[in-house]
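Participant: Listed here are the chains, written in short residue letters.
There are 4 protein chains.
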Amino acid sequence: MVKKKAAVLGATGMMGQKFVQLLTTHPWFEVAAVAASDRNVGKSYDEATSAGSGKRFHEEHRLEVVEARPQAVGDPDIVFSALPAEVASPIEEEFANAGFPVFSNASSHRMDEYVPLLNPEVNSEHAALVDQQKRRMKRDGFIVANPNCTTAILTLSLKPLDQAFGLEKVIVSSMQSISGAGYPGVASIDILENVIPFIRSEEEKVERETNKILGTATSPATITVSASCHRVPTIHGHIEAVFAKTLSSTSPEEAAERMARFQSVPQQLKLPSAPVYPLVVRREEDRPQTRLDVDEGGGMTVSVGRIRKDPAMKGVKYIALGHNLVRGGAGCSILNAELLLAQKYIQ
Amino acid sequence: MVKKKAAVLGATGMMGQKFVQLLTTHPWFEVAAVAASDRNVGKSYDEATSAGSGKRFHEEHRLEVVEARPQAVGDPDIVFSALPAEVASPIEEEFANAGFPVFSNASSHRMDEYVPLLNPEVNSEHAALVDQQKRRMKRDGFIVANPNCTTAILTLSLKPLDQAFGLEKVIVSSMQSISGAGYPGVASIDILENVIPFIRSEEEKVERETNKILGTATSPATITVSASCHRVPTIHGHIEAVFAKTLSSTSPEEAAERMARFQSVPQQLKLPSAPVYPLVVRREEDRPQTRLDVDEGGGMTVSVGRIRKDPAMKGVKYIALGHNLVRGGAGCSILNAELLLAQKYIQ
Amino acid sequence: MVKKKAAVLGATGMMGQKFVQLLTTHPWFEVAAVAASDRNVGKSYDEATSAGSGKRFHEEHRLEVVEARPQAVGDPDIVFSALPAEVASPIEEEFANAGFPVFSNASSHRMDEYVPLLNPEVNSEHAALVDQQKRRMKRDGFIVANPNCTTAILTLSLKPLDQAFGLEKVIVSSMQSISGAGYPGVASIDILENVIPFIRSEEEKVERETNKILGTATSPATITVSASCHRVPTIHGHIEAVFAKTLSSTSPEEAAERMARFQSVPQQLKLPSAPVYPLVVRREEDRPQTRLDVDEGGGMTVSVGRIRKDPAMKGVKYIALGHNLVRGGAGCSILNAELLLAQKYIQ
Amino acid sequence: MVKKKAAVLGATGMMGQKFVQLLTTHPWFEVAAVAASDRNVGKSYDEATSAGSGKRFHEEHRLEVVEARPQAVGDPDIVFSALPAEVASPIEEEFANAGFPVFSNASSHRMDEYVPLLNPEVNSEHAALVDQQKRRMKRDGFIVANPNCTTAILTLSLKPLDQAFGLEKVIVSSMQSISGAGYPGVASIDILENVIPFIRSEEEKVERETNKILGTATSPATITVSASCHRVPTIHGHIEAVFAKTLSSTSPEEAAERMARFQSVPQQLKLPSAPVYPLVVRREEDRPQTRLDVDEGGGMTVSVGRIRKDPAMKGVKYIALGHNLVRGGAGCSILNAELLLAQKYIQ
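Protein sequences, first through last, are from chains A, B, C and D. Position 214 of the first sequence, counted from 1, bears residue number 214 in the working numbering, the numbering being contiguous throughout. Position 161 of the second sequence, counted from 1, bears residue number 161 in the working numbering, the numbering being contiguous throughout. Position 3 of the third sequence, counted from 1, bears residue number 3 in the working numbering, the numbering being contiguous throughout. Position 34 of the fourth sequence, counted from 1, bears residue number 34 in the working numbering, the numbering being contiguous throughout.
Calculated directly from the structure, the hints in this document are not laboratory data. Please note that the accuracy of each hint is not assured.
If several chains are the same, the list does not tell them apart, and a pair holds so long as it fits within one copy or across any two.
[Unchecked claim] In silico SDA-like links for lysine to any residue, alpha-carbon gap of 20 Å or less:
| id | residue 1 | residue 2 |
| --- | --- | --- |
| 1 | Lys309 | Val280 |
| 2 | Lys138 | Pro184 |
| 3 | Lys169 | Lys314 |
| 4 | Lys3 | Pro220 |
| 5 | Lys4 | Asn40 |
| 6 | Lys314 | Glu254 |
| 7 | Lys5 | Glu257 |
| 8 | Lys5 | Glu253 |
| 9 | Lys309 | Glu207 |
| 10 | Lys270 | Val87 |
| 11 | Lys169 | Glu30 |
| 12 | Lys309 | Asn211 |
| 13 | Lys309 | Glu204 |
| 14 | Lys169 | Ser249 |
| 15 | Lys344 | Ser37 |
| 16 | Lys314 | Glu204 |
| 17 | Lys169 | Thr224 |
| 18 | Lys4 | Asn211 |
| 19 | Lys5 | Thr222 |
| 20 | Lys138 | Arg200 |
| 21 | Lys134 | Arg62 |
| 22 | Lys3 | Gln343 |
| 23 | Lys309 | Ser201 |
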């Protein structure tokens, strides 16, 4: 199979580099263009990412950084966007209007009516929205969004519970790593030996996106979601304490079994980035732990543990952990592209 | 005023040293005896605490470490116990039976029917239990317990809400510092750049003790409490994400006002360890933070912030932070002793 | 005594806030003006320092931030400069030319021939350079610099050895905390669980400044100094592994005694910021340690330990620790001002 | 090729697990027995290593833990020892006397006259000592030691300099990670946000072992080595600031070239654990860094950088980084076994 050519927008940031790193060894896609902001245009990708954390994420790469404009990226089959939210919106529209399928990690279009907000094991059927989007926007290209990092991890863990028991309310407290803030992100003196109980707009995103994802393509779910988001001094991996009230009664054992057995469309389609089981249920009393389990399934698996009765919600409480840059970002976006390719939304 | 003589049991551990440190400058009490386990008996207190974190907590001190037996500690007016839970029970009973007022940080007797579990601003009226305890146990001494660290911080923040609106349900996720595990406590390789979502027995303690404290002296409250407890790489200070459902409706503004204005018996009695306001409400969007705010009020104040509407519980959610070794331990125990002295339970 | 009025330039940065914090409780000085860059001019000092680490360093302060120009700061008796190196030079000259005594933490003028580079216990006699500076520059004001943080700590520890035995060569490896990089400074993802063995220009400063300080006012010393500087994940305090070759032979015991007994002009003058003994020699096998000892003497004392024979240099090796923002910055600068006031260089 | 059977003594500790982990995928060796102290005997290896950091280091393993006695381990071809120093000596002797080739990471026998202290790229010719050892001890087995972790990294970086220019003096300051202290090792409260400038016996080991390794098999070198060893809050990887005085003059460029081109017997023999180039010279101004570069070459490569003139030693100074558990421990020991097998010291 000839690999599909991918352009990565915002390729020099922390998430952009994660896209490039994951695509470098991808069986279906290859990086054909890296685009970034003006100050990096014309540099080699290596040079543009040589500072700071950059060095952690990329393979040797001689591509020249180009402008994030349709005319500048050659003729890719797929466009991945790791653009910062504040500039993503018009640029992604421009690419979609120019006919490209755009898979975006930015928050800009996530809540747009005809943009599927896709976490493939959770709501692959939302992919159908791209046809409506194309018609309505009168264009051949489209935008597909992946969820906010915390939401991606949360909704994957909730899906089997929602399927089996129905969800009524969810309370979640997150302990999020610093790489979620990009580069340079959080100043070291602000987070070393500290917890910062605030991440701008994060709680709103979790509460809003969870319902779009767990709803149907055209109608959001009506689960009451309440989040409290906290930054802790870890590098990669967001860990979440989840309290879930289900419509029909469940036990920790039943919940664990549903989670452990959970498989979905990406598994049936054997998509290359899809773990055989997207959820791993840990039976140890003190797992999952951020540093130990963050790379499970190459970062695409969400590890769940400590599933126990929750007296307050009359449901279950548990711990979920996922890699914020992989399942919670670039990895999820790439899995979205695999899904749409397998389902012929992309030729 | 002649200072009351205090003996500290378990004086060489992390919490024991915090007792000694706080008592060193106390206006009412002075350390007359330091007792510890056999391997430290006969050493100077300085020598016995020279290893590891010990060095952080004590003033120069020439007292000789003695056995934790009534015959060995001279004739103190008050006994503070920082004994480890696994040995505390019989030793504290022995001291109480020998006529001493024992203020214990151990969990052993917290749930005993006639032992007041005291967080002075929250339930000072429970102190009356000591009279029943003395009668029932046929002794002149008694035991007063202070709550588990996480519970002490939580219940202080909940009290004004319970007073004003009534509490029905509470969900709390804690992010607890390593000093809560004592010394040597958590291995560095287990917690550096990590979150451990498990602290043995902690969730049970929070759920159980909260109701004893927020109930009457003879009848626990019936608030449904559900906790998820996590260890994070901070040194001192437990931060808690609290979701509270109240019986009558409240708003974040009302809740904040009740908390900010809250004062109680220790404030009326002007007890020396009592902050003028035991709760400080932070108005910044990202406070309280563990490292920045842990020492508020000498560690006796609980800082509260981010009070906001909670859609899931139809109540409020907020962040609370307190010093686990001071409000959550030695400081609370010393405030208990001040209360019982001011109220003439101790002569 | 009427307090001298002080203006602080660059008052909103991390070092500027340390100046303000130390001056707030100073017996001789009081903050009369806070000046900063344009974007903060007109804000209250509180507001201008409300972001990030700012919140850690200042007392409540209603002063309005003004421009860093002589016309804007009122009529202070003394000017302290915490300006960033890249803008400090012309502004400090402007203030000196306008007649103000300027005490600068910036590196810009440290190596100027007529600017004393003062670490008061080490080379107070260099203060006399200000008279030459005034004559030569035809102005009533002057500039006094304090050393680079690493150098201040190093030279204080070296001085008694140089006095007693003469220094020939010094090798030093530093482990420097993140607050030395200012705010926002080092990105958390660059330093959490990491060592960065590079700090721009630091090694050159240490090698150069040490000789100016340990020389006479007019002629630098000729000690061969070689430094290797490293950033480690600590918050405050630079720890240094020093290997010193002396001209006449010494033993660890002699070296320790000279260091422990060391006192100098600031001690004789009983300057308010001068510790009774500027060096503390720790006898424990594992001290000084950054977190435990950084605040010794309010941050003005350098703690020394592990003084032992150095076979390679045929001298001694030891560990030195000091507070990079106090002895290594604002505290040293304030002590300089105290010295020049006591010695009537300032009226 | 039939794999050689290996027994690992002290298999449940941090270093023992690193041996097991590295052997699990080894092309020449396989783990046939895991031995540990009495309290773990009879458990499955999985169970015995389930606590704490154990979980990080091993693959699923059903072997039963046996006693560390020759009679208990079956009939292995090779014995690896990760026993703690305090018990290693007699047990390793017992195994050698029973005819086994013992590759030991313990410090007990490193300085024994007939025990080769092997860092294979540095002094493979010392392997010949095993014949003398066998004759002298009248046994068929023998003991081969690998160096202390800090020494292994140091001597590998020094070897090409010693070959080309001759070494006269070496000063080294190490910044060592916590995994070097084993499990549970350093208490988190002792090292979080701290530097501990002391590691028991470490400096003596570095000074002593370096000369044995860089000497001939029968006569140690006479390089004056002076070390200062410090613990920092990193997980894996020791970084060292090295100052080296050479007999003939060198430049940073020449030194870098010698290091970058350096290859030795393990490379000629193409031993499976030997990197093609055991030293990597980084050209960036701020590399190597502990977290970014520790896993270079699977942990067997030492990364070197910042090679620059050292005025004090009239030589060069540089930074070296290696993985303390791999090149500095289990990996080096396994490479020793590969060398002795390739050279027919083991049949």
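Participant: Indicate, hint by hint, whether the structure satisfies it.
Facilitator: Now for the hints, and whether the structure bears them out:
no.	hint	result
1	Lys309 <-> Val280	within (19 Å within a copy, 33 Å between copies)
2	Lys138 <-> Pro184	neither (39 Å within a copy, 46 Å between copies)
3	Lys169 <-> Lys314	both (10 Å within a copy, 11 Å between copies)
4	Lys3 <-> Pro220	neither (35 Å within a copy, 59 Å between copies)
5	Lys4 <-> Asn40	neither (25 Å within a copy, 51 Å between copies)
6	Lys314 <-> Glu254	within (14 Å within a copy, 28 Å between copies)
7	Lys5 <-> Glu257	neither (40 Å within a copy, 40 Å between copies)
8	Lys5 <-> Glu253	neither (45 Å within a copy, 42 Å between copies)
9	Lys309 <-> Glu207	between (23 Å within a copy, 13 Å between copies)
10	Lys270 <-> Val87	neither (34 Å within a copy, 52 Å between copies)
11	Lys169 <-> Glu30	neither (41 Å within a copy, 52 Å between copies)
12	Lys309 <-> Asn211	between (24 Å within a copy, 18 Å between copies)
13	Lys309 <-> Glu204	between (27 Å within a copy, 12 Å between copies)
14	Lys169 <-> Ser249	both (13 Å within a copy, 19 Å between copies)
15	Lys344 <-> Ser37	neither (32 Å within a copy, 57 Å between copies)
16	Lys314 <-> Glu204	between (24 Å within a copy, 16 Å between copies)
17	Lys169 <-> Thr224	both (5 Å within a copy, 16 Å between copies)
18	Lys4 <-> Asn211	neither (33 Å within a copy, 57 Å between copies)
19	Lys5 <-> Thr222	neither (39 Å within a copy, 61 Å between copies)
20	Lys138 <-> Arg200	neither (35 Å within a copy, 54 Å between copies)
21	Lys134 <-> Arg62	neither (35 Å within a copy, 56 Å between copies)
22	Lys3 <-> Gln343	within (17 Å within a copy, 47 Å between copies)
23	Lys309 <-> Ser201	between (30 Å within a copy, 15 Å between copies)
When the structure is compared with the earlier hints, violations turn up for hints 2, 4, 5, 7, 8, 10, 11, 15, 18, 19, 20 and 21 and for no others.
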